[in-house]
Amino acid sequence: MNNTLIKLCSIDKSFDGERVLCGIDLDIHDNEFVTLLGPSGCGKTTTLRIIGGFETPDEGEVLFEGERINDLPPYRRPINTVFQKYALFPHLNVYDNVAFGLRLHKVPEEEIATRVREMLEMTGLKGFENRRPATLSGGQQQRVAIARALINNPRVLLLDEPLGALDLKLRKDMQNELKRIHNATGITFIYVTHDQEEALSMSDTVVVMADGKIQQIGSPTDIYNEPVNAFVADFIGESNILDGVMQKDRKARFAGQTFDCVDGGFAKNEPVDIVIRPEDVDVVPVEKGMLSGTVTGVTFKGDYYEIIVDVGGFKWMIETSDYVAPDAEIGLYIEPDAIHVMKKSEYSGKFGDYSTFSEEMDWISDPDKEVSEDEETTLLS
Amino acid sequence: MKKRLSFLERAAAVPHLVWTLLFIIGPLLFVLYFAFTDNDGAFTFANIAHLSSYAHIFFVSICFSVVATAFCLLIGYPLALAMARAKPSTQKLLLVLLMLPMWISLLIRTYSLMTLLDNGGLVNSLLRAMGLAPWHMVGTGGAVVLGMIYDFLPYMVLPIYTSMTKLDKRYLEAAADLGCNPCQTLFRVTLPLTAPGIFSGITMVFVPSISTFYISQKLGGGNFDLIGDTIERQFQYTSTYHIGAAISLVMMLLIIASVAIFGRFADKEEEGMLA
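Residue numbers (the working numbering), protein chains in the order written: chain A, 5 to 385; chain B, 15 to 289.
Among the hints, erroneous ones may be present.
[As the list claims (entries may be wrong)] Dumping the calculated DSBU-like pairs for lysine-lysine here, alpha-carbon to alpha-carbon at most 30 Å:
1) 89/A with 180/B
2) 252/A with 347/A
3) 272/A with 348/A
4) 272/A with 319/A
5) 11/A with 101/B
6) 272/A with 183/A
7) 183/B with 106/B
8) 176/A with 255/A
9) 106/B with 110/A
10) 183/A with 305/A
11) 101/B with 110/A
12) 106/B with 217/A
13) 232/B with 89/A
14) 305/A with 217/A
15) 347/A with 319/A
16) 183/A with 173/A
17) 180/B with 232/B
18) 347/A with 176/A
Worth flagging that the hints you see were computed from the coordinates, not collected in a lab.
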């Protein structure tokens, strides 16, 4: 985990004059499971394609073990890819698909037979040797794609939304499977997804991207507990994001009140964004609350209730295990260490209360908004 | 309401049905009739039996068509590949250039080719002007094959080009990812995945090549008797209709057989293409 395998230095990339990556700096270490996470159009797939050699950066350098590989074609890189929708060769059966890379490297047929058998066993595809990809289910095709890439013993495996086409339960199983394969092989995994839960549960390191820039790099717990800006806080998990002022160290003022908190290091009276996770707010009687408001919505989620509380016009989301009746007046209690203070950023004010859950909801209800194709597929998927 | 619609639908099919009966089924029946009767209208296998004396003509025709088809494939495949990889605007231009000759009558094109290649034609004038010996071309087998290639090349390029534009780029990326250099990608991925285009191209060039008579008459200078020429000659006199019909019948069966064989290949590939 210590030596840097791949280094991206201030990568810029434009397509038809539109900038999709601006100044990407990223270190990827040996054996690491790195996830590039972000909404569609954030540049995560382009970053992956640059590492794979399918795109060349306009500016900046791609280093592999310290050597510049900007112009090295994909077939000379010790990197293999599991493509989105798999791209299995339709004219070859499962065996020949998996053996494809080894045959190119002139590995003797007996060795190929052994290695393909081992790989098919590891991916649970024994007995599928003679099937054509078209006759396989999504999950099976997925495994063939992984086997086809891994059999070449790459230094790095790139995975481009590999679980996107699978249903929820199978996705969970495949997440565990990928984790297991990662541990067993020790190959560096670079994984692209827009699913934050997937990213948090699988990765050593999460790279949150938006608008062609890296927003935050960190371990899943860091990203969740210490988001650097409103975008990350909103994208990873659920958050109430409020406008606030840091009166002094450990004193934050928001929602018309002053709260004790644990953060410091801000200028006196510096405007900030405050993040409070829904599970960190306690529901108490009005007179014991630091804030009070009216319940406007209650949703039963199985092991908890998700309630929306209107506090002076700002809609909070709160997760609580006790039932609260709609229209009830309740008090809210927040521990000092549940208050996370962030510097203002370009994303301040874009995310915040829970009048709606998603940006999409705002604009799919808007007749003037034109839906681009990219967004349409995201909505459908 | 529904019944009326279905009557209308049936009525709409009538012109096509009449056309098919008059101009496809009818002539086919005539061919069958003439192939198995003699001058008195009596049933006979004599015409078919007589065909053995035309064996060499069948052989020469097949050889010419195979050579022409092979050259069309060798020229057409790289051309289709280059077209499919060009910018969209260039692709359109190349397509128009490819199809432009098809808008001119085949006879005129063949005749023009003959004048170009003639002993006193443009090509030989150029050769002479450059101080080279004139090259006798019209009347050689090469000229006939050249004529076939020239006339039928677009029929090879178009289906291959179509299957190339349908080829998903992800397969090419996957090949490169697994270690294929561009040449290996061409032979291991592009070629097998465009096989349906190749097979239909082969069929579309082979069939008109084997049945042509005009090209061999004009560019072969009468030195080559192909199936098409023979059939044409037999139908100039009523007395030889029967032999002509028998030759036509056998040629049709030959073509059907080869189309069926190629078709099988094409189908097999397409089965695999279904994602």
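Results for each hint:
The hinted pair formed by residue 89/A and residue 180/B meets the criterion: a straight-line CA distance of about 17 Å does not exceed 30 Å. Restraint check: the Cα-Cα separation between residue 252/A and residue 347/A comes to about 14 Å, which is no more than 30 Å; the hinted pair holds. At roughly 14 Å between alpha-carbon atoms, residue 272/A and residue 348/A fall within 30 Å of each other, so this suggested pair holds. Taking the CA atoms of residue 272/A and residue 319/A, the gap is about 28 Å. The hint holds against a cut of 30 Å.
Between residue 11/A and residue 101/B the CA atoms are separated by roughly 34 Å; this puts the pair beyond 30 Å, and the hint is violated. Restraint check: the Cα-Cα separation between residue 272/A and residue 183/A comes to about 46 Å, which exceeds 30 Å; the hinted pair is violated. A hinted pair counts as satisfied when its Cα atoms are at most 30 Å apart, and residue 183/B with residue 106/B qualifies at roughly 20 Å. Distance hint between residue 176/A and residue 255/A is unfulfilled; the C-alpha atoms sit about 42 Å from each other, more than 30 Å.
Annotation: proposed proximity of residue 106/B to residue 110/A is violated, straight-line Cα distance about 41 Å (limit 30 Å). A distance of roughly 28 Å separates the Cα atoms of residue 183/A and residue 305/A; the hinted pair therefore holds under the 30 Å criterion. Proposed proximity of residue 101/B and residue 110/A is contradicted: the alpha carbons are some 35 Å apart, above 30 Å. This hinted pair does not check out: residue 106/B and residue 217/A have alpha carbons roughly 38 Å apart, beyond 30 Å.
At roughly 55 Å between alpha-carbon atoms, residue 232/B and residue 89/A are farther apart than 30 Å, so this suggested pair is violated. Of the supplied pair hints, the one linking residue 305/A and residue 217/A is violated, its CA atoms being roughly 34 Å apart against a limit of 30 Å. Distance check on the hinted pair: residue 347/A and residue 319/A sit about 22 Å apart at the alpha-carbon level, within 30 Å; holds. As the CA atoms of residue 183/A and residue 173/A are separated by approximately 16 Å, the hinted pair is consistent with the 30 Å bound.
Restraint check for residue 180/B and residue 232/B: not satisfied, since their Cα atoms lie roughly 39 Å apart, outside the 30 Å limit. For the suggested pair residue 347/A and residue 176/A, the alpha carbons sit about 35 Å apart, so the restraint of at most 30 Å is broken.
Violated hints, in rising order: 5, 6, 8, 9, 11, 12, 13, 14, 17, 18; the structure is consistent with all others.
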